[in-house]
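Participant: Start from the sequences and build out the full structure, keeping to the hints where you can.
Protein sequences appear in the order of chains L and D.
Taking this note's numbering, the leading residue of the first sequence gets 1, the next gets one more, and so forth.
Taking this note's numbering, the leading residue of the second sequence gets 1, the next gets one more, and so forth.
You may find that some hints are simply not true.
It does not matter which identical chain is meant; a pair holds if it fits inside one copy or across any two.
[As the list claims (entries may be wrong)] Below, a list of computed lysine to aspartate or glutamate pairs in the EDC-like style, where the Cα atoms sit at most 16 angstroms apart:
(1) Lys87 <-> Glu9
(2) Lys98 <-> Asp55
(3) Lys46 <-> Asp24
(4) Lys35 <-> Glu3
(5) Lys31 <-> Glu21
(6) Lys94 <-> Glu5
(7) Lys98 <-> Glu3
(8) Lys35 <-> Glu5
(9) Lys59 <-> Glu73
(10) Lys59 <-> Glu72
(11) Lys34 <-> Glu93
(12) Lys94 <-> Asp24
(13) Lys87 <-> Asp24
(14) Lys87 <-> Glu73
(15) Lys52 <-> Glu9
(16) Lys65 <-> Glu38
(17) Lys97 <-> Asp24
(18) Lys97 <-> Asp62
(19) Lys68 <-> Asp55
(20) Lys46 <-> Glu5
Treat the hints as calculated values from the structure; they're not laboratory data.
Number of protein chains: 2
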Amino acid sequence: MTELEKCMESLIVIFHRYASESGDGNTLTKKELKKLIEGELPSFLKAQKNPKTVDCIMKDLDLNKDDKLDFEEFLPLIVGLSLACEKCYVLREKKSKK
Amino acid sequence: MTELEKCMESLIVIFHRYASESGDGNTLTKKELKKLIEGELPSFLKAQKNPKTVDCIMKDLDLNKDDKLDFEEFLPLIVGLSLACEKCYVLREKKSKK
Numbered sequence: 001m002t003e004l005e006k007c008m009e010s011l012i013v014i015f016h017r018y019a020s021e022s023g024d025g026n027t028l029t030k031k032e033l034k035k036l037i038e039g040e041l042p043s044f045l046k047a048q049k050n051p052k053t054v055d056c057i058m059k060d061l062d063l064n065k066d067d068k069l070d071f072e073e074f075l076p077l078i079v080g081l082s083l084a085c086e087k088c089y090v091l092r093e094k095k096s097k098k
Numbered sequence: 001m002t003e004l005e006k007c008m009e010s011l012i013v014i015f016h017r018y019a020s021e022s023g024d025g026n027t028l029t030k031k032e033l034k035k036l037i038e039g040e041l042p043s044f045l046k047a048q049k050n051p052k053t054v055d056c057i058m059k060d061l062d063l064n065k066d067d068k069l070d071f072e073e074f075l076p077l078i079v080g081l082s083l084a085c086e087k088c089y090v091l092r093e094k095k096s097k098k
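Facilitator: As structure tokens, this is what we get:
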């Protein structure tokens, strides 16, 4: 498997690791989302000043308002974070070339 | 770094590994996209029957029609593939539980 394929597999496996804890097993409840963010994105969570971060993220991502996130609803979180990280990466690379 | 953080880092590093080959270094030309798909998504490419797969993908992703893909334009490819893979993952899990 290539690095990029492994990366996509990880996204799926991590999502289902948390999603399988309760309910239908294929969606994240708010509680499971909280566990996922605490476990997998601790630096992101620490940087947030709003104590209701998880509530806000849930509200933003839960497009069909069923109080759970399927994989499709979850992915924009990863996209948004990756985009933000990539902007930092480009700035850092620019500086290191100076 | 957590598994999910590593995964986001990989996405960024892989994109830039190919994007840095020519041009401004932060975008993929069609040639670089082709190399990335051939190198990182060989199974996906083999499954495609259309010989113009890379041209079609480039056209789909290049939203601002500047003939190159920035990281934001590139991510929907990964999202689309991950979604398709996740559907298979769920079906396989269902079968294995029977």
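Participant: Give a verdict on every hint.
Facilitator: Okay, the hints, checked on the actual structure:
For the homomeric pair Lys87 and Glu9, the shortest alpha-carbon distance between copies (12 angstroms) is at most 16 angstroms, but the shortest distance inside one copy (24 angstroms) is not. Proximity of Lys98 and Asp55 under a CA criterion of 16 angstroms is satisfied in neither setting, with 41 angstroms inside one chain copy and 35 angstroms between copies. In this homomeric assembly, Lys46 and Asp24 never come within 16 angstroms of each other (Cα to Cα): the closest approach is 30 angstroms inside a single copy and 34 angstroms across copies. Proximity of Lys35 and Glu3 under a CA criterion of 16 angstroms is satisfied inter-copy only: 14 angstroms between copies versus 26 angstroms inside one chain copy.
Taking the closest pair of Cα atoms, Lys31 and Glu21 come within 16 angstroms of each other only inside a single copy of the chain (10 angstroms); across copies the shortest separation is 43 angstroms, beyond that limit. Taking identical chains as interchangeable, the C-alpha atoms of Lys94 and Glu5 are never at most 16 angstroms apart, the minima being 28 angstroms within one chain and 22 angstroms between chains. Proximity of Lys98 and Glu3 under a CA criterion of 16 angstroms is satisfied in neither setting, with 30 angstroms inside one chain copy and 32 angstroms between copies. Within a single copy, Lys35 and Glu5 get their C-alpha atoms only as close as 25 angstroms, which misses the 16 angstroms cut-off; across copies the closest is 15 angstroms, which meets it.
Taking the closest pair of Cα atoms, Lys59 and Glu73 come within 16 angstroms of each other only inside a single copy of the chain (11 angstroms); across copies the shortest separation is 25 angstroms, beyond that limit. In the homo-oligomer, the alpha carbons of Lys59 and Glu72 lie at most 16 angstroms apart inside one protomer (15 angstroms), although the nearest pairing across protomers, at 23 angstroms, exceeds that limit. When the C-alpha separation of Lys34 and Glu93 is checked against a cutoff of 16 angstroms, the pair qualifies neither within a copy, at 33 angstroms, nor between copies, at 24 angstroms. When the C-alpha separation of Lys94 and Asp24 is checked against a cutoff of 16 angstroms, the pair qualifies only between copies, where the shortest distance is 11 angstroms, while the shortest distance within a copy is 46 angstroms.
Within a single copy, Lys87 and Asp24 get their C-alpha atoms only as close as 36 angstroms, which misses the 16 angstroms cut-off; across copies the closest is 15 angstroms, which meets it. Taking the shortest Cα distances, Lys87 and Glu73 sit within 16 angstroms of each other only across copies (14 angstroms), while inside one copy they are farther apart (23 angstroms). For the identical chains of this complex, Lys52 and Glu9 are neighbours neither inside a copy (30 angstroms) nor across copies (26 angstroms), given an alpha-carbon limit of 16 angstroms. In this homomeric assembly, Lys65 and Glu38 never come within 16 angstroms of each other (Cα to Cα): the closest approach is 23 angstroms inside a single copy and 39 angstroms across copies.
Taking CA atoms no more than 16 angstroms apart as the test, Lys97 paired with Asp24 passes between copies only; the shortest distance there is 13 angstroms, against 50 angstroms inside one copy. Taking CA atoms no more than 16 angstroms apart as the test, Lys97 paired with Asp62 passes in neither setting, with 41 angstroms inside one copy and 28 angstroms between copies. Taking the shortest alpha-carbon separations for Lys68 and Asp55, only the intra-copy value of 12 angstroms comes in at or below 16 angstroms, while the best inter-copy value is 37 angstroms. Within a single copy, Lys46 and Glu5 get their C-alpha atoms only as close as 29 angstroms, which misses the 16 angstroms cut-off; across copies the closest is 14 angstroms, which meets it.
Hints 2, 3, 6, 7, 11, 15, 16 and 18, counting from the list given before, are not met by this structure.
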